[in-house]
Amino acid sequence: MLDSVPQPNREKFGMNGLGLIEGCARCETVELWMEAPPNAQLVLIWLLDYLGSHAKTLDITLRHVDVSLGETAPARLAGSKFHGVAVNDYHLEIARLAWQAFRASTPHAWFNLLSRDLSALPQLRRCVWEMLEELPGISTGLGASELRILELIAAGYTHPFELFPHYRQRFQRRVFDYWEAGALLEGLALAPSPAVSGLAEWPFALEMHNEAARHARYKESVLSLTEFGKAILAHETDFSRHNPIDRWWGGTHLTNDNLWRWNSDLIAP
Amino acid sequence: MTRLILTADSSSAGAVVSAGHADLAVPIELRMVWGPPRSDAELAAFLAAKTSQSPDSHCSIRCRSRTEKSSA
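Chains as they are written, first to last, in the working numbering: chain F, 1 to 269; chain G, 1001 to 1072.
Derived from the structure by calculation, the hints contain no laboratory data.
Even for Gly, the Cβ is constructed at its ideal location relative to N, Cα and C.
Treat the hints with care, since some could be wrong.
What the hints assert, rightly or not - From the structure, some residues in chain F lie toward chain G, with a derived Cβ separation under 7 Å:
| id | residue |
| --- | --- |
| 1 | L18 |
| 2 | E28 |
| 3 | V30 |
| 4 | P74 |
| 5 | V85 |
| 6 | N88 |
| 7 | L92 |
| 8 | E93 |
| 9 | L97 |
| 10 | R103 |
| 11 | E180 |
| 12 | L199 |
| 13 | W248 |
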């Protein structure tokens, strides 16, 4: 786990070769600073579930971080204070329930979290909603981020990188990162019945990024919606009726025969 | 006195150290929202001491999150 820390720092703090729990035990204070986007919240519930009672014996503090740490100027961040609480049994119980629900073979238990008091983990409820919104929509068969890509193309953003989530205000959705957005766009453009045309290069992988000519071709792609894509955006047709669906949502394997959908309510296949 | 902060990505880890909130910050860079669920053993290996995991298990998880397709 501590491999993600540069070697000199691991040596400086006596952490070489240690796992998380042993590493935490060497420190005077241990705090969890997990931000609001869904992936960070999922890491948080997994980590609390993994630590279990160790989180209390290690006296770990949970900070409710409501800014993007990496995008906040160091001087401003230095002066910022985030509310912190010692991890307790209630945090651990909510995290355990949520983590089990996320890994279940259907989204049902995850949906049922909405009827519980999740306030001990203040950003979890929004995470639950945002994840549910990534299930295929009832009329479009697309998740919220896929639909957002179509909306942005329709609005005139025609180059791939204009459609990516690092434009936070524009993209609005917070579930997927750069690489995942590239895969979503490919799914829309390379499907048997594509919703998007004009993608000039693929696959969206490190190899393509390392080859300047291919990367330039990708970047300069001029995207547009197909007639099918326009019909999806108008909620007149369903992507999944014309294309294979094979993706994971938590522990749920979404396929055409197992297509859990979302329409402000959970709809079973 | 070592103040440790755990974050969900490396830019956040760098930020909290630069801002003086921690002496050491560890990013837990797993992508939970993408791909098939990882087994408990695979996840536990990510947090385990180096001696109890395969030499490249950490890298394999991180690389997998970068390259796997939704159908993986």
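The hints, checked one at a time:
no.: 1; hint: L18; in the structure: holds (6 Å)
no.: 2; hint: E28; in the structure: holds (4 Å)
no.: 3; hint: V30; in the structure: holds (5 Å)
no.: 4; hint: P74; in the structure: holds (4 Å)
no.: 5; hint: V85; in the structure: violated (15 Å)
no.: 6; hint: N88; in the structure: violated (18 Å)
no.: 7; hint: L92; in the structure: violated (16 Å)
no.: 8; hint: E93; in the structure: violated (19 Å)
no.: 9; hint: L97; in the structure: violated (16 Å)
no.: 10; hint: R103; in the structure: holds (5 Å)
no.: 11; hint: E180; in the structure: holds (5 Å)
no.: 12; hint: L199; in the structure: violated (15 Å)
no.: 13; hint: W248; in the structure: holds (5 Å)
Hint check: violations occur at hints 5, 6, 7, 8, 9, 12; the rest are consistent with the structure.
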